[in-house]
Amino acid sequence: MGAGQASAALSELTDKKVEVEYPTIQELDAREIPDEIGHRTDKYATILVNVEVKEGSEKDRLGKLLLVLDKDSAKRFSEYLENEIYDTDEDETIELTAHDESAMKETGNILTGACLAAMTGWVDLQLKEGIPSIETDMLSATLDHVLAEMSQDLEKVLFFRTEFNFEHKISASFLFIFEPEGEREILDKLEV
Amino acid sequence: MRKKRDVRMGDYKIGTDEQVLSALGIGSCVAVCIYTEEKSKAALAHVMLPTEEGKNTEKHAHILLPQMLEHLKLEDIEKEEMKAKIFGGATMFPDNTIDIGKQNVKSVKEILGDEDIEIQEEDTGGAKGRAVWLNCRSGDVVVRKNGEKTQRF
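Just so you know, the sequences run in chain order V and W.
Its first residue numbered 1, the first sequence is counted upward by one per residue in the numbering used here.
Its first residue numbered 1, the second sequence is counted upward by one per residue in the numbering used here.
Rather than coming from a laboratory, the hints here were simulated on the basis of the structure.
A few of these clues could be false.
[Unchecked claim] To give an idea of the interface, some chain V residues facing chain W are shown, with a C-beta separation under 8 Å as derived from the structure:
id	residue
1	S11
2	I37
3	R40
4	K43
5	S133
6	E135
7	D137
8	M138
9	L139
10	S140
11	A141
12	D144
13	A148
14	Q152
15	K156
[Claimed, not checked] Far from chain W by the CB rule (all over 10 Å, computed), these chain V residues:
id	residue
16	K17
17	E19
18	E36
19	D72
20	E79
21	H99
22	L127
23	L147
Just so you know, these numbers come straight off a predicted model, no measurement behind them.
C-beta: ideal position from N, C-alpha, C; glycine also.
Looking at chain V on its own, in the form it has when it is part of the complex:
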């Protein structure tokens, strides 16, 4: 579901070979999602993009797309994007410059675009992406309000996940979490 396209886009962007794991779709209690990705208090950079379905003048929230990188991967990823080498110190925090952040947001845009192009063909829906935002903080802290907001009406959330690896140095989780209404819409289209 767009993971192939997204990895091709990443590969082109960084001029490196990108390995992509076979994507999975899971239904989980939203509260368990941070543990699926990594350690809850470790620092991660998360790029968030909202995705809407557009039908005529009607807009519906479909879900949220998240690209999650641990702190070392985030630093190395900005290096690749800019072809510059930064000092990677042992500091606990992720110091991303405004320039790094904008490069990563742009990556969020490119990935979402690639993923949405694939999904549009697949489910025959008009999809529209929001403006990406980035947050670097403890994993669980970054995700808790996204998950809180999305699990208000549901015990479990449906999410799609894959892992990207660049030359064994950078690993990233790529998640698409469906909004409750988005989940219904997608399942209807697939006639499940």
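Go by the hints and put chain W onto chain V.
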């Protein structure tokens, strides 16, 4: 008995003596610590969502907090002995979504206010995640914000 116990989103735990209760990696969530000065017993609730009429899951403040306070009363702690410290309610991704953090803090304060439980310390709001540890014997709380030194409350 395990010494360190972590409290997940939408859950609460009660601890005694040397036990430490924690809420690790909270953003918009609020950690509500209730302790007493005499009894070496304390509780921590990890509130995920604000009070909302018609929504009746433990993720919501108006369901979770009364459950915890009721449980503490069964553990022989009177409401008059309870003191509170609250942490969290940050605004993550400020430009993208509704501010659940602020709403969570407001709901928690309303509920504690209605119960006449005094808030002794708080560190809420801002834009950084927090890790919170509560010492059940003393009621002392250690908070570490993303990229900062730990603080005691």
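Tested hints:
1. S11: 28 Å, violated
2. I37: The hint is violated - I37 (chain V) has no Cβ within 8 Å of chain W, the shortest such distance being about 11 Å.
3. R40: R40 (chain V) check passes; min Cβ-Cβ to chain W is 4 Å, inside 8 Å.
4. K43: 7 Å, holds
5. S133: With Cβ-Cβ at 5 Å, under 8 Å, it holds.
6. E135: At about 5 Å, which falls below the 8 Å cut-off, the nearest Cβ of chain W leaves the hint on E135 (chain V) intact, so it holds.
7. D137: Holds - the Cβ of D137 (chain V) comes within 8 Å of chain W, reaching about 4 Å at its closest.
8. M138: 4 Å, holds
9. L139: Hint holds; L139 (chain V) Cβ to chain W Cβ min 6 Å, cut 8 Å.
10. S140: 3 Å, holds
11. A141: 2 Å, holds
12. D144: With Cβ-Cβ at 5 Å, under 8 Å, it holds.
13. A148: Where the cut-off is 8 Å and the nearest Cβ of chain W is about 5 Å from A148 (chain V), the hint holds.
14. Q152: With a minimum Cβ separation of about 6 Å from chain W (threshold 8 Å), the hint on Q152 (chain V) holds.
15. K156: Violated. Min distance 12 Å.
16. K17: 31 Å, holds
17. E19: 28 Å, holds
18. E36: 14 Å, holds
19. D72: Nearest chain W Cβ is 16 Å from D72 (chain V), so the label holds.
20. E79: 21 Å, holds
21. H99: 18 Å, holds
22. L127: 18 Å, holds
23. L147: Answer for L147 (chain V): violated, closest chain W Cβ roughly 8 Å.
Checked against the numbered hints above, the structure violates hints 1, 2, 15 and 23; every other hint is satisfied.
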